[in-house]
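Q: One line per chain: the protein sequences are A and B, in this order. Here the numbering used here is used: position 105 in the first sequence is 105, and no number is missing along the way. Offset between the second sequence (1-based) and the numbering used here: plus 1000.
No lab work stands behind these hints: they were computed from the structure. It is possible that part of the hints are untrue.
In silico lysine-lysine, PhoX-like type, Cα no more than 25 Å apart, as pairs [what the hints assert, rightly or not]:
1) B/Lys1373 <-> A/Lys149
2) A/Lys280 <-> A/Lys192
3) A/Lys149 <-> A/Lys347
4) A/Lys149 <-> A/Lys348
5) B/Lys1103 <-> B/Lys1448
6) B/Lys1487 <-> B/Lys1103
7) A/Lys347 <-> A/Lys280
8) A/Lys490 <-> A/Lys452
9) B/Lys1454 <-> A/Lys102
10) B/Lys1373 <-> A/Lys100
11) A/Lys350 <-> A/Lys483
12) A/Lys280 <-> A/Lys102
13) B/Lys1454 <-> B/Lys1106
14) A/Lys149 <-> B/Lys1446
15) A/Lys99 <-> B/Lys1373
16) A/Lys102 <-> B/Lys1373
17) B/Lys1106 <-> B/Lys1373
18) A/Lys348 <-> A/Lys99
Label-pair restraints from in silico Cβ distances [claimed, not checked]:
19) A/Glu484 <-> B/Lys1454: 54 to 64 Å
20) A/His185 <-> B/Ser1488: 40 to 50 Å
21) B/Ser1009 <-> A/Pro150: 55 to 65 Å
22) A/Phe530 <-> B/Asn1156: 16 to 26 Å
23) B/Ser1488 <-> A/Ser52: 29 to 39 Å
24) A/Val523 <-> B/Ser1208: 45 to 55 Å
Each residue gets a CB set at the ideal place from its N, CA and C atoms; glycine is no exception.
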Amino acid sequence: MEIILSTIILALLAASFLNYVLRIRHGWITIIASALSLAASLFLLFSVQQTSPVEYYFAGLPGQPFLLYANVNACVLSITVSVVALAIFIYSLEYMAQKKGKTWFWGGISLFLASMQLLVFAGDWLLFITAWEMMGAASFLLIGTWHEKPEARQGAVKAFMLTRFTDMGLYAGIFILILTLGSTHITANTEKQISTLGGIFLLIAIMGKSAQVPFQSWLSGAMAGPTPVSALLHSATMVAAGAILLFRIYPLLNEDVLFITGIVGGITILLTGITAITAKDVKQLLAASTSSQLGFMLLAVGAGSPGAAFAHWIAHAFMKSSLFLGAGIFQHVYHSTAFEDISGAGKKLKSTFTGFAIAAIGLSGIPPLIGYWSKDGILASTSQSAHSLLFFTIAVAGAFFTAIYMGKAVNRIWAGQENTSDKPGLRQMISGLFILVVFIVAGGFFLEPIVKFAGYEIPSGTLSKIAGITAAVAGLLAGWYVKEKWLNGKLWNAARGNYQVAGGYQKLVVVPVLKLTAFFYHVELLLNVFISKTGQSFVSIAKLLYGADKILNNLTEDVGSTGLQLSAASNSFEENGIEKGVYSVSSSVKESGRVGRKLQSGLVHKELVITVAGLLILIFVLISMIII
Amino acid sequence: MNHSFPFLSIILFLPAVGAMLILLLRSNLKAAHLISMVVSGLALLLSIWFGINDMSGSFSHIEEVDWIPSLGAAYRLGADGISYPLVLLSTVLFFATIVFSSKIEKKPSGYFALMLMLQTACLGVFLSLDLLLFYIFFEITLVGMYFLIAGWGHENRKKAAITFFIYTLIGSLVLLLAFLSIYLHTTPHTFDMRVLIAKHSLSGPVASLTFWGLIIAFAIKTPLFPFHTWLPLAHTEAPATGSAILAGILLKLGAYGFIRFALQMMPETFRQYAIYIIIIAVISAIYGAFVAMAQTDIKRMVAYTSINHMGYLVFGVAVASVAYGDSAIQALDGSILQMFSHGIVTGALFLLIGALQHRLTTREMPSLHGLLKSFPVLSALFIIASFASLGLPGLAHFPAEFQIFLGGYSVYPIAVGCMLIGLVITAGLYLRAIQMSFMGTPDELKLKSFHDIKGYELWSIVLLIILIFVIGLYPNILLSLIHETTKSLSL
């Protein structure tokens, strides 16, 4: 079983290695590897279902070995990740065929998927951090695939830096966790709870990775990468990793932290929901919607139902990746993602539009598609929670917003005059899309048993069903008829620009850091001046002593090179003044150069003789000092 | 294996013999390079073999020959889990830099002889179990590095070499005084480090003075804020291999001193003053990161990150002095592993920058663009090494830093919190460098040649990169040896 478990991750790592190191840059390698990985996950699921979970200890730190841990829950997550990724890879073969950066893309995406699988099966916190950060690094490389474009470079750096910043919360949280539980195992001892502070630290890490307010802006920057990267990043990996962390730590969180989690999720649902409604670009709309949907998962966990969040995790993975793949096909044909440019595209690319629309309706929460079941679970969980009034209101409003922006996206792509444009071969891309759409349509019937199988309950209720369907239908209609000119004005523009409070990331983070940097560098320069001045005063003392020495006798000459250097230094300081003194004691010592040249001129055996002679003198001095 | 066989002495003097051979034969570049590679490769294999077969928790394979019996000084060698990683690091890094040096045009025989002498000196420092012997080797490294910078450095090499020399010489003099104080206050007088470690004989104001003498000496060498100003200058002017050795090994002399002398010989005094050391370490970690961020010269930037990493390291040692039980051992394990990790990561970075400098007209990052396109292999290796340096899990620095922080969190959570900021800043500065100079479209005016890295240059760095992965993914390969020793220390 350990071999099967390792295969899931190693196959993908091997694909990455082949691409990166051996430069065999072909998509089929990655596809075969991920198919192998999927087969292994399926096999593993059937065997852990019958027997106990598989545990595999290896390497690690003294007393804290790494642990791969596979139970039904992890296998379900892994299979979802694999299926979504496989469909995206099939799509990518055609998408990347004419594009540059194949090594970056295929190597990076294999590494990225390998880290996600590692994260899913991580059984101890050390391995979890490893997978988490590896994924961050891989996402940096992937977003930077087309690094000739400045926005790709900036997007890549911003994504890595923002998540790296919030990852410090993960570090601190995990330190607290390990010290509280006395174990590095993720599944260990669920009776204890960690402190509120520890919970908040971990929550910060989740907020960064899952792009929750106020850390949501990296997601829209990440759009500069290829579409398949966005599709994967926004669905079953990266942002999804934050939610997985939340599932793993849920039993350890106390009431306060859960409430804060719910509030963070709620704020994100509403704010990024509005951003999505105002978006003028289909990819920006989808990016904002990702934050918003992840917000639903936080809200559900905050309401005390990880089951509903888990269901939405699976459903969202299929729906969001379909939406991105659809948007990518429009982009491929029209070379743009702005609604202006792709309006009417649906009439021309009918099958793509069908897939896109099914996913959009699913995300809005219309039965019997998969999104209805998971959203219903979330609505029910909030209505049954301790803060039902607050959470339920937010959830219904969020569902309404979701339906509005999805309705708007579908409308913008369908309505309007179609632009005449060539229709390149799209068969593979469309088949990648439809693999996922099948899951959206059929998955609704299997979602609840699968979630139960993974050890969770999905709550349900009549009130939530009525509210959910009403919100979805009303929202879709509103979205269909919403006019762009209604969405102008200061507040709407602020929402569209991801709420750049006081200048956003640039002004709030980058500028202060650069100011601090300048301050520290200033201190460094002052320190250098101080030390060079100190050095100079020593040199003058040495010069005085040297003068006194010379009057007594010429002893100094015998002492050796140090005296010579010091005296030479003093001379040249007089000649050149102290204007060059910023860097070092001897920055202006030209004379010492002469000494140095003399020392290292000629053949090296001379240098060695000097070295040995110096040593002998040193030993002599030492011994004489001690004996005296 | 037969314990009377002078195994350590052979590792120690093999490079020196190689140096003699090169000088005697007056070898040209090719011959000198070959001899050096063979000799340092042999030393590497021997030290690996030694690690596999002959290591235990306490000092193993002790060699002792009387030298000045009336003083209690002797030729004493031995290795334990604290010094062995450094011995291995020295042999690995010298081998890599010597392999890398296939294009030395200026006095090749002198260069290789000097490198090998320097290797013997570095190994001597880590293998000595005698204060006097330690001090002598310590001084030779200083002299050797001086000549390496002064002879084979860049434009302002003389100035840099002298600054380096004077600065560290001041440190050595303080160190000598501290050593003599330790010697004179132990009865019977002895230079045997094992006895000194067992006895902890200093107390009162003498102990405090001696302790601070040691701290200043090693803080200059490590270096810690505010004694670090020699480091950037030396690195800017030193040749690439010199920088790799300087940052990779010579800085560890200071770090090793912190553990071996300050922590092991005077633990009570260390505990008493630990808070000050921690403050200095935290300042160094943050200060080093921020000042590195301010640099535009890529080599100076990497040089300043060393101060940051050494801050983490010394923090770990200080934590080991105050914490109890597992936390202390964990922090010390981390610190010792950090020495090795920093050696290979920074060594690789400096060699890569050396290879870059060979191909470019400038080292200023704002005027470099698109290196990834011009030199894909070199840039890819640089990106891996910088990810390692910023502490990415799966690469060499992470297991070390994680243990230091985890061990430290139980006693000084706020200090750890401050140092986590350092982690973010280092990530920022490396990513900025990658974004600015490696990504984008190339600027061909700044390139001297279009050859990507290959041959000796490539494989020497690939060796280090592989090690970075090995330590990152399977740290236990070294940690088990380290842990064997640290858990037997009474911390």
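Q: Taking the hints in turn, state whether each one holds.
A: Taking the hints in turn, this is what the structure says about them:
no. : hint                               : result
1   : B/Lys1373 <-> A/Lys149             : 13 Å, holds
2   : A/Lys280 <-> A/Lys192              : 48 Å, violated
3   : A/Lys149 <-> A/Lys347              : 32 Å, violated
4   : A/Lys149 <-> A/Lys348              : 30 Å, violated
5   : B/Lys1103 <-> B/Lys1448            : 16 Å, holds
6   : B/Lys1487 <-> B/Lys1103            : 45 Å, violated
7   : A/Lys347 <-> A/Lys280              : 20 Å, holds
8   : A/Lys490 <-> A/Lys452              : 46 Å, violated
9   : B/Lys1454 <-> A/Lys102             : 23 Å, holds
10  : B/Lys1373 <-> A/Lys100             : 12 Å, holds
11  : A/Lys350 <-> A/Lys483              : 24 Å, holds
12  : A/Lys280 <-> A/Lys102              : 30 Å, violated
13  : B/Lys1454 <-> B/Lys1106            : 21 Å, holds
14  : A/Lys149 <-> B/Lys1446             : 21 Å, holds
15  : A/Lys99 <-> B/Lys1373              : 16 Å, holds
16  : A/Lys102 <-> B/Lys1373             : 14 Å, holds
17  : B/Lys1106 <-> B/Lys1373            : 31 Å, violated
18  : A/Lys348 <-> A/Lys99               : 24 Å, holds
19  : A/Glu484 <-> B/Lys1454: 54 to 64 Å : 56 Å, holds
20  : A/His185 <-> B/Ser1488: 40 to 50 Å : 27 Å, violated
21  : B/Ser1009 <-> A/Pro150: 55 to 65 Å : 59 Å, holds
22  : A/Phe530 <-> B/Asn1156: 16 to 26 Å : 21 Å, holds
23  : B/Ser1488 <-> A/Ser52: 29 to 39 Å  : 38 Å, holds
24  : A/Val523 <-> B/Ser1208: 45 to 55 Å : 28 Å, violated
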